[in-house]
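All chains should be built: construct the whole structure from the sequences, respecting the hints.
As you go down the protein sequences, you meet chains A and B in turn. Last residue of the first sequence? That's 104 in the numbering used here, and every number before it is there in order. Last residue of the second sequence? That's 104 in the numbering used here, and every number before it is there in order.
Just so you know, these hints were derived from the structure itself, not from any lab. Some hints could be false.
[As the list claims (entries may be wrong)] Covered stretches of chain A, going by a simulated chain B footprint (3 or more residues, C-beta under 8 Å): (1) 14-28; (2) 66-74; (3) 81-92.
[Stated by the list, open to error] Just some of the chain B residues that point at chain A, by a computed CB distance under 8 Å: (4) V2; (5) M5; (6) D48; (7) V58; (8) C66; (9) V85.
All C-beta atoms, glycine included, are put in the ideal place defined by N, C-alpha and C.
Take a look at the letters that make up each chain.
There are 2 protein chains.
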Amino acid sequence: MVAHMNAAALQKTIATGEAWYFSRSRRSLWRKGEKSGHVQHVVSMHIDCDQDAVWLRVEQKGAGACHTGRRSCFYRKVPLGSWPVSLEFSQSERAFDPKAVYGK
Amino acid sequence: MVAHMNAAALQKTIATGEAWYFSRSRRSLWRKGEKSGHVQHVVSMHIDCDQDAVWLRVEQKGAGACHTGRRSCFYRKVPLGSWPVSLEFSQSERAFDPKAVYGK
Numbered sequence: 001m002v003a004h005m006n007a008a009a010l011q012k013t014i015a016t017g018e019a020w021y022f023s024r025s026r027r028s029l030w031r032k033g034e035k036s037g038h039v040q041h042v043v044s045m046h047i048d049c050d051q052d053a054v055w056l057r058v059e060q061k062g063a064g065a066c067h068t069g070r071r072s073c074f075y076r077k078v079p080l081g082s083w084p085v086s087l088e089f090s091q092s093e094r095a096f097d098p099k100a101v102y103g104k
Numbered sequence: 001m002v003a004h005m006n007a008a009a010l011q012k013t014i015a016t017g018e019a020w021y022f023s024r025s026r027r028s029l030w031r032k033g034e035k036s037g038h039v040q041h042v043v044s045m046h047i048d049c050d051q052d053a054v055w056l057r058v059e060q061k062g063a064g065a066c067h068t069g070r071r072s073c074f075y076r077k078v079p080l081g082s083w084p085v086s087l088e089f090s091q092s093e094r095a096f097d098p099k100a101v102y103g104k
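If you want it as structure tokens, here you go:
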């Protein structure tokens, strides 16, 4: 998954070892898994050369990270070599029912 | 590495199987490795749930991807559990001399 962090989310992630993000749509700090229970234990964190991106390796608790019910948000493959493209579903089985978990 | 793509960069990457990005500082399309020769052959490309992020697995040609001369941009580890943090260098050996390659 890819998500946004603000300073508070970064600090909480580092201090607690659990992934916190900042929800730009809700304008609020967001502990990953706070609704679903699908929290992320951070295994390692690296920061990039210009220090505007962090890369988390996590142990994903619960069924999955994606709000669509998949394990990963990257469940569609983009085939190469031709244009236009048709996305191919790949490891796209639903690991949980998002309606049951998020109520929407 | 993390970089930006515009529509043209995305289309060129898909069509050619080599990584193209869009340089926001230079405001121009950027074939990765055009100066350094450190091109990226795309092994696979996935797109995320809300289709605003693509994840490339690449075969990195040449010495490295990072403008600082490292293999990866993520050469510093963020230790967890305390605040403030001191970054730890990790796999941070220079694989090439950026001055020689980029002339700056």
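*Honestly, which of those hints from before does the structure not fit?*
5 and 7
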